[in-house]
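Protein chains: 2
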Amino acid sequence: MPQTLNHVLRPRSIAVVGASNDVRKRGYQAIQSLQRDKFPGKIYPINPKEKEILGLPVFKSLEEVQEDVDIALIATPAAIVPSVLEQCGKRHVKGAVVLAVGFGETGSDGIKLQQQITAIGKREGVRIVGPNTSGVFNLHHCMNLTGIRDLPKGSVAILSQSGNMALSLITEIRAKSNLGFSAYIGVGNEADIQFHEYLDYFRKDADTNIIVMFVDGMRDGRKFLQVAKQTVEEKPIVLLKSGRSDKGRQAAHSHTGALAGLSVVANTAFKRAGIITIDHSDELFPAAEALATLKPLSDNRIAVLSDGGGHGALAADALADYHLSVVDISKTTIKQLKTILNGSLIIQNPVDLAGATDADPLIFAQCAEVLIADPAVDALMIVGLFGGYHLRFSDSLLSTEEEAARQLVALAAKSGKPIVVHSLYASYRSRPLDILKEHHVPVHESIDIAAKCLSVLYEYGHHLSISHDRSNFVLDSEGKTKSEVTDLFHQVRKAGRKNLIESEARQMLLSHGIPVTPWECAVTADDAVEAAARIGYPVVMKILSPDVLHKSDIGGVLLNLKNEDMVQDGFDLLIGRARRQNQRAKMNGVILTPMMPKGVEIVVGVTQDPQFGPVMMFGLGGIMVEVLKDVSFRVLPIGGISAPQMLEEIRARDILKGIRGQAGCDKPAIVDLLLGVSNFVEAYNDHIAELDLNPIIVYEKGLSVVDTRIILK
Amino acid sequence: MPQTLNHVLRPRSIAVVGASNDVRKRGYQAIQSLQRDKFPGKIYPINPKEKEILGLPVFKSLEEVQEDVDIALIATPAAIVPSVLEQCGKRHVKGAVVLAVGFGETGSDGIKLQQQITAIGKREGVRIVGPNTSGVFNLHHCMNLTGIRDLPKGSVAILSQSGNMALSLITEIRAKSNLGFSAYIGVGNEADIQFHEYLDYFRKDADTNIIVMFVDGMRDGRKFLQVAKQTVEEKPIVLLKSGRSDKGRQAAHSHTGALAGLSVVANTAFKRAGIITIDHSDELFPAAEALATLKPLSDNRIAVLSDGGGHGALAADALADYHLSVVDISKTTIKQLKTILNGSLIIQNPVDLAGATDADPLIFAQCAEVLIADPAVDALMIVGLFGGYHLRFSDSLLSTEEEAARQLVALAAKSGKPIVVHSLYASYRSRPLDILKEHHVPVHESIDIAAKCLSVLYEYGHHLSISHDRSNFVLDSEGKTKSEVTDLFHQVRKAGRKNLIESEARQMLLSHGIPVTPWECAVTADDAVEAAARIGYPVVMKILSPDVLHKSDIGGVLLNLKNEDMVQDGFDLLIGRARRQNQRAKMNGVILTPMMPKGVEIVVGVTQDPQFGPVMMFGLGGIMVEVLKDVSFRVLPIGGISAPQMLEEIRARDILKGIRGQAGCDKPAIVDLLLGVSNFVEAYNDHIAELDLNPIIVYEKGLSVVDTRIILK
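If you read the protein sequences in the order shown, they are chains F and G.
No gaps in the numbering here: position 36 of the first sequence is 36 in our numbering, and each next residue is one more.
No gaps in the numbering here: position 700 of the second sequence is 700 in our numbering, and each next residue is one more.
If you're looking for bench data, these hints aren't it; they were derived computationally from the structure.
Watch out, some of these pointers could steer you wrong.
The list treats identical chains as interchangeable, and a pair is accepted whether it falls inside one copy or across any two copies.
Said to hold, decoys possible - Cross-link-like lysine to any residue pairs, in silico, SDA-like; alpha carbons within 25 Å at most:
(1) Lys122 <-> Leu62
(2) Lys598 <-> Pro538
(3) Lys25 <-> Ser396
(4) Lys94 <-> Ser83
(5) Lys551 <-> Met596
(6) Lys176 <-> Tyr428
(7) Lys112 <-> Ile346
(8) Lys335 <-> Asp109
(9) Lys629 <-> Lys657
(10) Lys562 <-> His140
(11) Lys414 <-> Glu478
(12) Lys25 <-> Asp360
(13) Lys598 <-> Gly555
(14) Lys25 <-> Asn342
(15) Lys295 <-> Val485
(16) Lys598 <-> Val557
(17) Lys176 <-> Leu398
(18) Lys271 <-> Ala175
(19) Lys629 <-> Leu475
(20) Lys335 <-> Asp553
(21) Lys629 <-> Arg653
(22) Lys153 <-> Val603
(23) Lys90 <-> Val58
(24) Lys480 <-> Glu369
(25) Lys414 <-> Glu530
(26) Lys701 <-> Arg651
(27) Lys94 <-> Arg12
(28) Lys122 <-> Tyr322
(29) Lys629 <-> Met617
Could you build all of it, start to finish, from the sequences and the hints given here?
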């Protein structure tokens with residue numbers, strides 16, 4: 001399969017189906033590009049009506065081509081694509097790039113057409129890029145099928161579900177940096193080749209050292225995470241995903257037919273895989289540039305050098321937004337800065353030069369050298385006028401400013417500590433700024449974006465420097481299943497049921513050591529009374545029926561029953577309520593459990609995300625989940641590093657510590673529970689659609705799972 | 001006082017104290033600017049050592065100048081400023097612009113020096129701009145004392161505590177728009193003239209139609225709010241404030257010596273006054289440009305037109321971030337769009353042209369016309385490649401694209417509905433984009449910033465279209481005070497106390513109709529038992545001492561005392577605990593109140609903000625305030641519109657409605673309480689430093705203030 005992608009991205013011969021003499025058509029532009037870029041292989045234009053295109057002989061159909069064809073660029077309307085793919089199969093074409101829209105993104109007819117081409121591709125051994133793709137290019141192979149002109153060669157790979165977003169990035173990189181591109185793949189609808197396969201190609205591609213992505217949604221997010229985890233060990237991935245909002249998600253769906261789950265689930269998963277996730281499109285280029293040219297940061301202590309207090313204060317605010325530390329600089333550093341500045345200024349970080357550089361921009365470089373030498377400083381951010389002193393004050397300052405720029409470049413190179421510059425002259429022609437940009441000192445017009453650059457360097461460096469558990473994202477049931485549980489799942493399925501009744505769910509969880517409270521089932525009122533006596537009063541009694549999914553909604557849960565009479569009466573009450581609700585509900589009697597003392601209530605749930613499969617949610621019970629939606633997520637499986645993180649990621653985390661003199665919660669017990677549930681779902685993921693433990697009551701020592709719900713796939 | 005500012009900003013004569021022949025010095029640059037710009041008044045360079053500067057005769061001192069001097073630009077070091085100001089006084093100079101740093105921003109010596117110049121200014125009748133100011137300019141008066149060159153004349157006024165932030169804005173406006181400036185004031189340390197005075201000048205200034213501000217902190221935020229409220233009725237104010245973060249606040253303080261309170265308090269107050277508050281410096285210019293050139297929006301329904309699904313989805317996300325509505329377009333609109341696009345595309349908002357415009361950018365204008373005509377659409381956002389079709393595809397498209405731009409311009413003008421364009425070619429030379437920019441269709445490279453422009457238009461329009469209560473921000477005690485309360489405050493002061501004991505606070509609140517629970521005081525255990533009987537068991541008993549501020553911290557609160565014995569024992573316990581804590585604590589015995597049934601706990605507090613004076617906080621009691629900091633703020637006074645808003649602004653607002661079958665809270669009672677407290681603080685603001693009602697228990701009907709605390713100024 002990777003070979004196939006080699007064929008697609010390094011083909012020895014290309015057929016252009018739908019070749020054209022119309023300059024506005026891709027069937028013309030692609031051939032023009034290939035010729036202009038001196039594509040080393042053969043080009044076969046296919047068009048039943050043309051004789052010659054751009055000097056090349058035209059074939060009436062693929063069948064007419066006698067020689068081997070590696071890939072076909074299919075520039076025909078959607079309806080003809082299936083028959084073209086059939087011909088590709090006959091001619092042993094290895095890959096097809098399908099441009100047409102009108103497939104999975106357009107509703108049921110389009111979905112059918114897409115299924116048809118997927119099937120043909122599979123049957124005929126033709127791997128498909130797209131459909132609904134803007135094409136591909138590989139500049140190191142002199143191949144460009146996108147129609148985009150003037151592409152600088154370099155090492156940035158783009159993997160995008162939007163051709164226009166790729167064009168945005170290309171346009172910006174071309175205008176603002178010296179970077180260039182290795183290759184681009186327009187992913188389109190993923191009818192055949194998927195994100196993770198492309199990513200794996202780029203992982204191995206020696207011409208690529210960073211991968212920039214735009215994603216609407218993925219068909220197999222989990223496999224993507226697996227490949228991404230490996231990839232980031234070698235080269236960074238920067239990813240922008242649409243669909244933060246409902247309307248954005250809807251637009252993404254009608255763009256590539258992608259189904260997306262919760263944005264927060266995706267972001268957490270991407271982060272765990274070490275992918276740098278970007279929320280705003282204007283941060284994509286700056287983040288990519290920083291990661292492509294600078295060393296990742298293993299710590300986040302930033303010094304700020306400004307030539308005015310306003311910019312300095314704003315820089316501190318921006319760095320705080322990204323959780324970077326505006327570090328306290330050492331006394332030695334302060335002393336050295338005072339010597340340079342020779343004034344009565346209060347020196348602290350942000351260091352405000354307050355006009356000291358107006359006549360001599362070299363002071364910037366001198367102060368930068370002192371700050372960079374401070375062992376407590378990991379990186380430097382310069383904000384203000386640098387690069388524009390010769391514009392603001394006097395042309396005579398130009399050469400000094402250039403010299404300062406050269407010194408900053410040398411300083412960054414020698415120290416290995418990144419320097420990032422904000423200049424209000426960033427969009428002006430400025431030779432000093434050009435010197436910086438040419439030598440890996442990024443320059444930005446926005447303070448916030450300059451801060452963002454440092455933040456992505458730290459995010460990437462931090463990922464590389466710490467341990468990650470189970471972040472291979474492989475669900476491995478081996479050795480985890482128990483035959484009695486598997487048997488029970490099969491029995492329930494055989495009975496045509498999708499819901500486990502509570503006693504079944506409890507039995508399964510208990511087999512795996514999940515601390516559910518003890519329980520007894522009863523089918524008569526007398527049984528119930530006996531069971532209650534065994535459990536010990538007070539008890540909780542709940543209706544037991546596969547047809548009653550939300551017991552409390554129908555009054556199917558009775559709390560704090562204190563004696564025989566209450567149990568006796570309660571039994572009839574429960575059966576009656578369930579019956580009133582649903583005449584034909586299958587009744588399995590009731591389940592009794594001990595009434596547990598108060599504690600802190602938590603909730604653990606597992607659902608299936610359309611992109612990533614099983615995802616676990618953790619939160620505090622009651623209003624914290626229901627009103628404040630204060631929860632954390634992890635794609636399963638998790639291990640001993642992720643589980644405690646889930647506890648720390650909720651806003652109300654301090655409640656677990658114990659507040660206002662109350663006892664804290666047994667956090668290790670919660671962590672064990674999360675790991676236990678993760679293992680359980682890993683063992684039976686084929687079966688479980690949803691799992692809910694709600695509530696779980698946590699004490700200073702230990703915890704009890706009080707209610708459980710499992711729904712089958 | 002406004003006259004004084006007329007003198008400062010429209011002077012007939014200017015003395016430059018510290019005039020210089022050194023081109024790098026302000027004492028040279030200012031004179032050069034005045035001459036170059038043909039300043040219509042007289043210029044008097046002052047320097048004891050020079051004879052002639054730029055062709056002008058130099059005076060040894062101000063005293064030597066025989067004619068009237070309106071203002072002095074003081075370009076000397078800080079230490080000399082007091083004596084120069086004395087001379088200004090003698091010569092009846094009306095205003096002084098003090099550039100020097102080294103005043104309030106540098107610590108105690110600087111603060112003293114600043115107090116000295118403030119006093120001299122007051123005594124001598126010389127109004128002071130600064131110190132620590134970068135100067136002022138008034139382009140309509142041909143006066144520029146800032147040394148900044150090439151300033152386009154226009155109607156944007158800048159009021160800034162950072163010269164460099166002003167320079168950023170000027171640089172950006174010059175590079176990216178056709179806007180120009182009316183005037184600039186570098187506010188500096190506000191030693192004399194304050195923000196609100198400058199603002200009032202701009203409010204009345206016919207040359208100004210928008211005011212852009214950068215603020216570290218204000219000396220009198222309340223007066224500023226009062227003037228701002230009036231100003232925004234005539235022209236918009238856009239404001240960027242530093243100090244969102246701790247380090248940012250610290251940097252701001254050492255920049256201008258400004259003391260800032262909570263950022264959220266300031267933002268809420270600015271918003272209520274109708275000021276457009278900006279969080280990120282890169283949004284300041286775009287917001288100002290939009291407000292300066294486009295009509296405010298009274299509703300927030302946005303249509304998006306994109307030539308690719310990726311940009312469309314990202315635009316929807318960005319609009320959602322700013323709480324703008326990506327509106328459902330009508331069936332008629334969809335039908336008309338289908339006719340234009342002639343394809344099988346699914347048409348919804350964002351409208352994705354999906355390549356239909358590649359060969360004919362005029363389709364943009366046609367679709368825009370249809371969308372703008374939809375009555376459900378208030379504004380249009382175009383995202384993608386527009387302006388770059390001739391760059392991306394074929395030079396031959398240039399004239400069509402220009403025509404499309406002209407049509408869009410005409411459409412915006414005719415319909416009165418704003419059109420904002422994102423173009424990935426925004427930083428390229430593009431004639432079609434220039435046409436848009438020249439005619440009030442803003443063009444941005446960032447989708448997020450284009451969305452931000454629409455959001456500020458709506459924020460401003462919304463403010464103008466709705467009612468606001470008490471947002472004149474005037475604290476008016478008239479008719480609100482009661483003599484018995486005022487007397488009590490004075491008695492406490494006379495006794496040398498800063499803390500009211502609880503019974504005093506309760507008495508005051510009760511006089512103003514605040515529903516505190518009934519109470520009794522007792523100085524012996526027997527008294528306490530009798531009091532408890534009158535109140536009715538169960539009771540709460542608390543220590544009563546002006547020296548015990550946080551009663552519960554020392555165990556000074558006993559809940560749920562059910563009988564005589566418990567009260568008897570409790571009395572001794574409380575006195576003992578208080579005594580152990582503080583041997584010399586003054587003891588007033590205990591206070592008894594009924595033990596109230598459970599309900600929803602809320603908290604209302606009032607503190608004095610260093611910028612804005614009394615500020616009220618509202619939140620849910622317990623963990624919601626303590627752990628989640630889920631609170632809302634208002635600068636007092638408030639009225640019947642603000643009070644309910646405070647209830648809706650907390651994240652946990654749904655708890656007040658009643659959740660999970662629980663009864664809701666009596667919201668009107670909470671609103672009455674907030675208004676009552678606001679009135680109370682308004683009546684006695686001279687006395688109250690802090691007021692705390694915590695907790696207040698709210699029921700389905702009514703509420704009870706259970707504990708109170710008032711601290712005097």
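Going through the hints against the structure:
1. Lys122 <-> Leu62: Answer is within: at 19 Å inside a copy they meet the 25 Å cutoff, but 92 Å across does not.
2. Lys598 <-> Pro538: Both: 13 Å inside a chain and 24 Å across chains, each within 25 Å.
3. Lys25 <-> Ser396: between (52 Å within a copy, 14 Å between copies)
4. Lys94 <-> Ser83: Classified as within; 16 Å inside a copy, 88 Å across copies.
5. Lys551 <-> Met596: within (18 Å within a copy, 33 Å between copies)
6. Lys176 <-> Tyr428: both (11 Å within a copy, 11 Å between copies)
7. Lys112 <-> Ile346: between (70 Å within a copy, 16 Å between copies)
8. Lys335 <-> Asp109: Only across copies: Lys335 and Asp109 sit 20 Å apart there, 73 Å inside one copy, limit 25 Å.
9. Lys629 <-> Lys657: both (20 Å within a copy, 17 Å between copies)
10. Lys562 <-> His140: neither (78 Å within a copy, 86 Å between copies)
11. Lys414 <-> Glu478: Classified as neither: same-chain Cα gap 51 Å, cross-chain 69 Å, threshold 25 Å.
12. Lys25 <-> Asp360: Only across copies: Lys25 and Asp360 sit 13 Å apart there, 56 Å inside one copy, limit 25 Å.
13. Lys598 <-> Gly555: Classified as both; 21 Å inside a copy, 24 Å across copies.
14. Lys25 <-> Asn342: For Lys25 and Asn342, only the inter-copy Cα distance (18 Å) is at most 25 Å; the intra-copy one is 66 Å.
15. Lys295 <-> Val485: neither (50 Å within a copy, 67 Å between copies)
16. Lys598 <-> Val557: Both, since 17 Å and 24 Å are each at most 25 Å.
17. Lys176 <-> Leu398: both (21 Å within a copy, 24 Å between copies)
18. Lys271 <-> Ala175: neither (29 Å within a copy, 38 Å between copies)
19. Lys629 <-> Leu475: neither (28 Å within a copy, 39 Å between copies)
20. Lys335 <-> Asp553: Answer is neither: 69 Å inside a copy and 44 Å across each miss the 25 Å cutoff.
21. Lys629 <-> Arg653: Intra 13 Å, inter 13 Å, cutoff 25 Å: intra and inter.
22. Lys153 <-> Val603: Intra 52 Å, inter 62 Å, cutoff 25 Å: neither.
23. Lys90 <-> Val58: within (19 Å within a copy, 95 Å between copies)
24. Lys480 <-> Glu369: neither (57 Å within a copy, 63 Å between copies)
25. Lys414 <-> Glu530: This pair counts as neither: shortest intra-copy Cα distance 80 Å, inter-copy 82 Å.
26. Lys701 <-> Arg651: within (23 Å within a copy, 32 Å between copies)
27. Lys94 <-> Arg12: Within one copy, since 11 Å is at most 25 Å while 83 Å is not.
28. Lys122 <-> Tyr322: Answer is neither: 46 Å inside a copy and 45 Å across each miss the 25 Å cutoff.
29. Lys629 <-> Met617: Both, since 11 Å and 23 Å are each at most 25 Å.
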